Structures are given as structure tokens and as C-alpha cells.
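Participant: Now for the letters of each chain:
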Amino acid sequence: MTKLLQTLVDSIAVGSLYGLIALGYTMVYGILQFINFAHSDVFMVGAWLSFLVAVRIGGQTATVEPSVAKALLVLLTAMVCCGALGFTIERLAYRPLRQAPRLNVLITAIGVSLFIENLGQLKWLFGAMPQPMPRLLPDRPLFALAGVNVNLLDVIVVGTAAVLMLLLNWIVFGTKLGRGMRAVSYSPPTAALMGVPVSRIISFTFVIGSCAAAAAGFLYATKYITLQQPAHETWIRLGLKAFVAAVVGGIGNIRGAMLGGLLIGLIEFFGAAYLSPNLRDVYVFAVLILVLLFRPAGILGRATVEKV
Amino acid sequence: MALLEIRDLHVHYGAIHALQGIDLIIEAGQIVTLIGANGAGKSTTLRTISGLLRPSAGTLAYDGQSLIGQPPHEIVRRGVAHAPEGRGIFANFTVAENLAIGAYARRDKGGIARDLEWALTLFPRLRERLTQSAATLSGGEQQMLAIGRALLARPRLLLLDEPSLGLAPQVVQTIFQIIRAINAAGTTILLVEQNAHMALQTAHYGYVLEVGRIALHATAAELAASDRVRRAYLGVA
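Residue numbers (numbering that gives the first Met the number 0), protein chains in the order written: chain A, 0 to 307; chain B, 0 to 236.
These are calculated hints, taken from the structure and not from any lab test.
Check before you lean on any hint, since a few could be wrong.
Said to hold, decoys possible - Restraint ranges, calculated between C-beta atoms of paired labels, are given here:
#1 A:Arg94 <-> B:Gln64: 22 to 28 Å
#2 A:Lys175 <-> B:Asp62: 41 to 47 Å
#3 A:Gly126 <-> B:Gln64: 39 to 45 Å
#4 A:Pro100 <-> B:Thr58: 29 to 35 Å
#5 B:Ala90 <-> A:Leu105: 25 to 31 Å
Said to hold, decoys possible - Which bits of chain B does chain A cover? Going by a derived footprint, with three or more residues having C-beta under 8 Å, they are:
#6 0-13
#7 125-139
Owing to the predicted nature of the structure, the values given are computational and were not obtained by experimental measurement.
Each residue gets a CB set at the ideal place from its N, CA and C atoms; glycine is no exception.
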């Protein structure tokens with residue numbers, strides 16, 4: 000029972016991070032119909048920026064006082080910078096290819112991804128060594144439930160992710176801007192005829208997707224304080240799992256991305272806890288294969304019907 | 000001054016020379032129709048006016064100002080609304096959301112509410128279905144929605160692309176009555192049609208487009224009486 004609950008807590012915490020990252024994949028796919036493979040690198044940059052800013056304002060790991068104000072400052076800085084990064088990537092790398100075949104854009108995305116990973120290894124940027132993230136948030140047991148310690152940090156991670164997802168959901172389904180995004184995702188030329196500024200909407204989509212990824216990066220860095228170097232496979236694997244979450248939930252579907260994130264978290268952690276911890280990645284990608292075989296549109300996705 | 004003045008307009012799709020120097024004048028307050036066979040370049044003309052296509056040569060002036068190089072959303076903001084071929088209904092939206100997005104470029108809440116009321120008065124069927132998904136509408140209702148949505152942009156010039164396409168004759172009659180009502184309320188209309196009979200009955204002036212060139216233009220009554228139009232477009236031997 001204890002093990003079950005503990006696994007549940009862990010999987011929800013990590014699953015909500017997958018969900019946050021998956022949102023960026025799914026929103027860009029919804030509008031441009033291509034997989035932005037550089038998205039996982041924006042997440043990585045979010046984590047690393049959080050580290051850089053935290054060290055700058057908090058000093059070394061041993062001396063830093065946990066402080067919500069500092070944590071918020073770090074989170075906002077990471078979100079703003081990654082938002083600007085997402086905007087720049089779209090502007091410089093993808094926009095010139097707007098009329099090009101989708102494969103070209105896909106290859107460009109992989110190029111952007113490699114570029115960011117390797118740029119991050121420069122000594123005056125993030126460097127090539129693992130670094131410990133300063134403890135910005137208090138990590139103490141909040142309460143014990145049936146022998147399971149629920150940590151304050153887990154609650155903060157899940158809470159922040161949930162708030163951001165609700166915010167995004169509201170932007171997309173409750174605002175005029177969101178209506179513009181949904182119109183562009185349905186048909187860019189028709190949206191343009193309605194007076195929707197398509198290019199601006201696309202920029203905006205990249206910015207908010209990148210902000211969500213930055214928030215996930217911050218939360219990840221606060222939860223797992225040993226940060227690997229930028230080109231480390233950890234980042235790629237995390238990004239890939241978030242991508243799987245987007246596909247499993249139904250790529251292009253925002254609520255599907257959130258659901259897919261939680262589902263992938265559950266499958267990974269329960270598989271690791273009850274089957275074998277060595278195969279945790281296998282479970283995730285096995286789910287991807289199964290979904291692609293039996294329900295390629297994803298759980299909440301609807302198979303596209305050719306429009307007449 | 001004409002509301003829209005097109006001079007020697009050329010449009011290419013890659014190697015295909017779709018519009019080969021057309022001239023077209025629309026006087027404010029009129030219904031002007033552009034008729035022609037499939038592939039003559041009718042929709043291309045509308046898409047060029049709306050800014051979806053960029054002409055390779057020629058001028059295109061609306062209200063005395065060039066529209067060339069302007070993005071489509073800016074052209075909508077200036078008062079040119081386009082109900083596209085195939086209606087372009089957002090099937091993932093409700094009817095109300097489809098209407099609302101027509102007013103995307105506007106900020107005057109009061110004016111939008113008035114225009115919505117007007118569109119719903121013209122198309123009472125839409126009022127009954129406001130909360131329904133637009134995908135559940137019949138073809139005629141979708142066409143009504145496409146026109147109603149274009150009205151939400153408060154256009155001075157309304158571009159209609161084949162509003163009769165695929166509709167039952169009775170529905171076509173209704174739609175054309177409403178087109179006349181919209182024009183009577185002061186909106187200038189450029190009507191692209193394959194149904195030359197209905198188009199010439201409704202319009203004040205007409206242009207005949209044949210493979211990228213204007214073959215004829217005259218008042219609608221003159222065109223309807225001309226032998227060439229009667230043979231080629233009205234099915235009269």
C-alpha cells in the first residue's frame with residue numbers, strides 16, 4: 000500500500016511535467032502540423048537558466064535560504080527568456096520555411112535542437128559538467144498519508160503545473176486570442192480571411208509553448224537538483240517522453256497532452272516500481288507503439304476526415 | 000472614384016499564368032458579378048483581392064489605396080470581407096464562435112453586437128443553432144453562416160465565392176434574396192458565380208472571365224441579353 004501510494008505521488012509529479020512540455024509540442028503541431036523537435040531543448044534551457052539565475056541571486060548551494068520570492072523570480076526569468084527563445088527559433092528557423100515541404104522544417108528542427116544542445120556546452124554558458132541546483136524551495140514532508148510522505152516540493156510541482164495548464168486551457172478556449180489560435184489550427188488561409196493575423200498567432204503559440212516548457216524545466220530542476228550537462232541524453236529522453244505523451248493524448252489536442260502526460264508518468268513509474276526499474280523507458284515507448292498501432296489519433300484525438 | 004479598381008492584374012501559380020491582365024471596376028453600392036467556367040480564374044481574382052495571393056504585376060486599389068503587399072488581416076480591417084469558396088466554416092467551432100471570429104479585427108463591442116443582431120435577423124436559422132457545432136449544419140445553413148460571418152467584419156466590400164454551390168434551388172433563391180438585402184443596406188458586393196442565370200438576375204454589372212482574361216463586360220441586363228453569354232453560360236441555344 001505504501002509503495003503504491005508513493006509511486007502514485009511520484010508519477011503524478013513527473014507526469015504533470017511531461018504534460019507541461021507536451022503542451023508545447025501539441026500546440027505547435029496543431030497549428031503548423033510539424034513536430035518541433037527543438038522543443039525539448041527549450042525545456043532544457045529552462046532548467047539551465049533556472050540554475051544560472053538561482054546561483055546568481057542565491058549564491059552557492061549550501062548557503063541559499065529557501066524563499067518563495069526568489070523561486071518565483073527564477074521561474075519568471077526562465078519563462079520570459081525561453082519565451083523569447085521560442086519566438087526567435089520560429090522567426091529565424093521556421094518562418095522562412097513556411098511554404099517549404101514539411102520534411103524540410105522537421106530537419107531544420109533537429110538542426111536547431113543540436114545547435115542549442117551543443118551551444119549550451121560552452122564554458123561561459125552552461126558548461127559541460129553536471130551542476131547542483133540550489134534549493135530554492137523548502138523540501139520537507141508536508142503530511143504523511145498511510146505511511147507515505149507527501150513532500151511540500153511535490154505539491155508545489157503538481158500545483159504549479161496544474162495552475163499553468165488551467166491558464167493555458169483558458170487562453171485557448173476562453174479568450175479571443177485562443178479563438179484565433181484554434182481558427183489558424185483549423186485552416187490558416189480561412190483564419191486570415193477572418194482578420195486573424197496568422198503570423199502573430201504562430202509567434203504567440205511558440206512563445207506560450209516555450210514558457211510552459213521553461214516552467215517545466217524550472218520545476219524539474221527544483222525536484223531533481225543534479226542537472227546534467229546540456230547535451231546529456233537525460234534531456235533528450237525527457238523530451239521524447241513528453242512527445243510520446245502528446246501523441247498518446249492525441250497530437251494537436253491540448254487536453255490530450257495533459258492527460259497523456261499523466262498517463263505516461265503513471266506507466267513509467269508503476270512499471271519501474273512493479274515490473275523492473277531497468278525497463279522504464281521501454282514501457283513508455285511500448286505504449287507509443289501500441290497507441291500508434293491501435294489508435295493512431297491518440298486517446299482524445301479524432302481521426303481526421305477529409306473535408307469536402 | 001470606384002470602390003475597387005483593378006488594372007492589368009497578373010497572377011501566377013508557379014508556371015501557370017492564372018490571371019493574364021484583367022481590368023475590373025466596382026462602383027460603390029453595386030452588386031458586380033464575375034461569371035465564367037471552372038478554372039477561368041474567378042476564385043483567383045477574389046483571393047488576390049483578399050491578399051491570399053500576390054499578383055506578379057498590375058494594380059489593385061481599394062478606396063484609392065493599393066492593397067498589394069498588405070496581409071489579409073489588414074485588408075479585412077480596411078473593410079473587405081471574403082466568404083470563400085467551399086464556405087470555409089470552422090467545423091471545430093460552434094455557430095456562435097464562427098460568427099464571432101468574423102469580427103476578429105474589430106474592437107467596437109457595441110458595433111459588433113449590432114452587426115451580429117443584423118446577421119441573425121437576415122438568417123433566423125442561425126439564431127436557432129447558435130450553440131450547435133457548425134459541423135452539424137446543412138449545406139444551406141453553412142452558406143448562411145459563411146455570409147453572416149463575413150458581415151460581422153462590417154465590410155464595405157463583400158466578396159462572395161460561389162454562394163449557390165451545391166445548394167437546392169429553393170435555398171439558392173433565399174440566399175440571393177438575402178444578397179440583395181445586404182446590398183440594399185449599403186454593402187458593395189463582388190459576386191463570383193457559376194450559376195450565371197441567378198448572378199445576372201441579381202447583379203447590376205457583370206464581367207465574363209475566360210481563361211484568365213476578361214472576355215466581356217457590360218450591365219447585367221445587357222450580358223443576359225447577349226448571344227455569346229446566352230450560348231456559353233445560360234444554356235440557351
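Participant: In this structure, is the beta-carbon distance linking Pro100 (chain A) and Thr58 (chain B) contained in 29 to 35 Å?
Facilitator: holds, 33 Å
Participant: Under 8 Å between beta-carbons, do enough residues of the region 125-139 of chain B, three at least, approach chain A for the coverage claim to hold?
Facilitator: Not satisfied, violated; 0 residues make the cut.
Participant: Is 22 to 28 Å respected by the C-beta to C-beta distance linking Arg94 (chain A) and Gln64 (chain B)?
Facilitator: Holds: the Cβ-Cβ distance is about 27 Å, inside 22 to 28 Å.
Participant: Do Gly126 (chain A) and Gln64 (chain B) keep their Cβ atoms within the hinted range of 39 to 45 Å?
Facilitator: violated, 55 Å
Participant: Confirm or reject the coverage of the region 0-13 of chain B by chain A under the rule of 3 or more residues with a beta carbon closer than 8 Å to the chain's beta carbons.
Facilitator: violated (count 0)
Participant: Given the hint of 41 to 47 Å, is the C-beta distance from Lys175 (chain A) to Asp62 (chain B) inside that range or not?
Facilitator: Given a distance of about 27 Å, which is not inside 41 to 47 Å, the answer is violated.
Participant: Please check whether Ala90 (chain B) and Leu105 (chain A) have a Cβ separation lying inside 25 to 31 Å.
Facilitator: Holds, since Ala90 (chain B) and Leu105 (chain A) (Cβ atoms, about 27 Å apart) stay within the stated range.
Of the numbered hints given earlier, the model fails hints 2, 3, 6 and 7; all others are met.
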